[in-house]
Amino acid sequence: MISILVIISFIDLKYRIIPDFMVIITLIVGIMLSFFIRGLFIDTILVMIFGGGIMLLLSLVPNVMGGGDIKLMFAIGSFLGLKKTLWAIFLAFALSSIVGIILILFKVKGTKDYIPFGPFLSLGSFISLLVFM
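Using numbering that gives the first Met the number 0, the first residue of the sequence shown is number 0, and each one after it goes up by one.
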């Protein structure tokens, strides 16, 4: 998961897009591994819907989030489980807020500029995976 998230992060930073085929690969691997790790397929599906659903609700606000972020959170949910997914989302928003404020204060970005969220989802997921073993 981490290696795919690193690749997705760099693609999102450079091209402002999260490739669907990479999300699909992540999703398939996550679902397959869920049988060996957690054992309950329905739990995996519910966590995917929960994580992606939070992102979907946030995307209803215009110009806040792209569709790739929603799909990425669905895929991340298949790996992490409920507790880690919640932490990943929280950490992604906290880290992106901090970085966004710093970029605005140093006039690197303006308040209307795009800041890719995929790298923050990836970083939040990575931290969640390591800290909440």
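Rather than coming from a laboratory, the hints here were simulated on the basis of the structure. We treat Cβ as the ideally placed atom computed from N, Cα and C, and that holds for glycine. A hint or two may mislead.
In silico lysine-lysine, BS3-like type, Cα no more than 27 Å apart, as pairs [stated by the list, open to error]:
#1 K108 - K13
#2 K111 - K13
#3 K13 - K106
Beta-carbon label-pair distances, calculated as ranges [said to hold, decoys possible]:
#4 G99 - K13: 14 to 24 Å
#5 G99 - F49: 16 to 26 Å
#6 L39 - K108: 22 to 32 Å
For each hint, the structure was consulted:
Simply put, K108 and K13 have alpha-carbon atoms about 15 Å apart, close enough for the 27 Å limit, and the pair holds. For the hint linking K111 to K13, the alpha-carbon distance of about 18 Å falls within 27 Å, and the restraint holds. For a cut-off of 27 Å, the pair hint linking K13 to K106 stands: about 20 Å separates their Cα positions. Judged by the Cβ atoms, the range 14 to 24 Å given for G99 and K13 holds: they are separated by roughly 18 Å.
The beta-carbon spacing between G99 and F49, approximately 25 Å, falls within the hinted interval of 16 to 26 Å. Range check, L39 to K108: about 42 Å between beta-carbon atoms, so the 22 to 32 Å window is missed.
The structure fails to meet hint 6 from the earlier list, while all remaining hints are met.
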